[in-house]
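Following the hints, put chain B in place on chain A, whose structure we already have.
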Amino acid sequence: MEKELRLMKGNEAFAEAVIRAGADGYFGYPITPQSEVMEYLMAEKPELKTGMVVLQAESETASINMLYGGAGCGKKVLTSSSSPGISLMQEGMSYLAGAELPCLIMNAARGGPGLGTIQPGQADYFQSVKGGGHGDYRIIVIAPASVQEMYDSAKTGFDLAFKYRTPVLVLTDGATGQMMEKVYIGKQHPRLTEEEIKEQYPWATTGKSGGRERNIITSLDLDAYKHEQHNHKLQKKYKIIEENEVVYEEINLEDADYAIVAYGTTSRICQKTMQIAREKGIKLGIFRLISLWPFPKKEIRELSKKVKGILCVEMSAGQMVEDVQLNSVDGTHIEHYGRMGGVVPSPVEIFEVFENNYIKG
Amino acid sequence: MTMDGTITKEAIFKPENIVYKKTSLMTDNILSYCPGCGHGTAHRLIMEVIDEMGLESETIGIAPVGCSVLAYEFMNVDMQQAAHGRAPALATAIKRLMPNKTVFAYQGDGDLAAIGTAETIHACNRGEHFTTFFINNGIYGMTGGQMAPTTLPGMKSSTSPYGRDLNSMGHPLKMTELVAQLPGTYYVTRQAVHTPAAVRKAKKAIRKAIEIQHMKVGLSFVEIVSNCNSGWKMAPVQSNHWMEENMFPFYPLGDIKVDGKLIEKK
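The listed protein sequences correspond, in order, to chains A and B.
Residue numbers 336 to 696, in the numbering used here, belong to the letters of the first sequence in order.
Residue numbers -3 to 262, in the numbering used here, belong to the letters of the second sequence in order.
Honestly, the hints are just simulated from the structure, not real lab data.
It is possible that part of the hints are untrue.
[What the hints assert, rightly or not] Short derived list, chain A residues pointing at chain B, Cβ under 8 Å: (1) Asp359; (2) Asn400; (3) Tyr430; (4) Tyr499; (5) Leu555; (6) Arg603.
Cβ coordinates follow ideal geometry from the N, Cα and C atoms, glycine included.
Same shape as in the complex, but just chain A:
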């Protein structure tokens, strides 16, 4: 048996998963509620097992730029943080996207704005999917909803990052990061050797050997027309990602009259809401987003044609709901329910909101 079962926190599962995915380096800065990631890595000493580097940086700004340096060498590098720290990394993400560098970033989001709170939040949706940094760019955003998915997101994230030469963000929150669940641990994937990196990523700055021209990692081009061409190239890539990497889960939507659209922790809570509704004979289903970007545009459009109403539930003042509105057919009855500042909604209160809007109204 290659797989083993463990009881772990979401953050710890993610940390174990990056070692197993063959990561080369972790660079991070402590922030609640995700410090377990670096604590776990430091305790595990992966440098002795796989040779993976773990470094506590002086700031989130330094961390994300360490990712730039490492990714530029074709290394599998990652960081993790929480909302305020992720804000600090936005400039770096823009550079990484501009220079087309693959890397993995995990955000165990908390309530904001500002220093906010340390309790879970989903108010980083805009920042994550619309590009929190400057310029026209996108990053792939995956939203796990369980400790197992936190684990799985590491390898999936690295694979997507290198497939498209782009940063990948795992957007979770304090709840999924902190909660303990059983998780199946996969096999150890070996780290790539220098020769393998040179062969697989000929663009990487590994030293100008083998008679090749020098490699340059940059996001700069002072020639506006050339830089526009680079932008076109990026946009073309983003279109391919939109066509191929949409991931979602449909729960009891076959016979549904109504749907809840949610992601991450909230989508788990909404499953209980769905159960309450179904017990009362109301056919409620859930459309759960897994890839937040690319957004399931076509699928949401089809859903909006099929159901009588869509309730968007998120721990924010209403961010994801804008994308649902944008992609639904005109006249769709869309409502939003959100809690903010670190407050997690209960299944019963979500059901009451649903009932008041769609059943009693």
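Chain B in isolation, oriented as in the chain A frame:
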């Protein structure tokens, strides 16, 4: 040689008569620097050392934001271009992930001593095994001559048009002396490239810095005090004189820390 004693062009081109040849590690791209600027010389010296030490295929350099943002256009080795001030963060990761490569960060004064102060100090303090080349010309050249952290007291710039007023604008930062105090730096020196003698000394220092990097004993840090004739609004020769008279007394040339030990001032 011809009958009248002059040397023919053909003779000059003979290999045995060549006294200087541009290293192949400098590209043929036309330098974007102003005539008289020290950047071109500093680039060349670093590339010559990399070439002479046979490190072409093992070197990764980092270009900053500032006048030398396009250093990768001129340095013919693998290069990364960093966000403003973050070159030490890139260098840290590259060197830790590939400990046997030669890694250098090339930074100006605004990049290294203002926006990147934290990254500079922490990389030095961690004793990272890379080399920093710090070009200090006391001004932001690329953006048009604004005050830098290293602008001298009373020195005029576009954002200190009446001279740097220490009360309101703070003091020039002696970053090199500062990092020399940290246990993580092993070799810290300040050089110049404005005369042939200074160039020879600077090249020795650059070579030593790279050699120390290979010893993996700590960070090696080479400041090069340079001119900015455009930013200083001077002719190149005049700016070199001004540098000698004003910059060198404040930023004295010479080794500050050797073999991990501070040099005692006589």
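Now the hints, each set against the structure:
Interface restraint check for Asp359 of chain A: the shortest CB-CB distance to chain B comes to about 6 Å, inside 8 Å, so the restraint holds. A cut of 8 Å between beta carbons decides the hint on Asn400 of chain A: the least distance to chain B is about 4 Å, and the hint holds. Proximity of Tyr430 of chain A to chain B holds as hinted, the smallest CB-CB distance being about 5 Å (cut-off 8 Å). For Tyr499 of chain A, the interface hint is violated, the least distance from its beta-carbon to any beta-carbon of chain B being 20 Å, above 8 Å.
Annotation: Leu555 of chain A was flagged as interfacial toward chain B, and the flag holds, the nearest CB pair being 6 Å apart, inside 8 Å. Contact between Arg603 of chain A and chain B, as hinted, is not supported at the beta carbon level, the nearest pair being about 36 Å apart and thus beyond 8 Å.
The structure is inconsistent with the numbered hints 4 and 6, although it conforms to all the rest.
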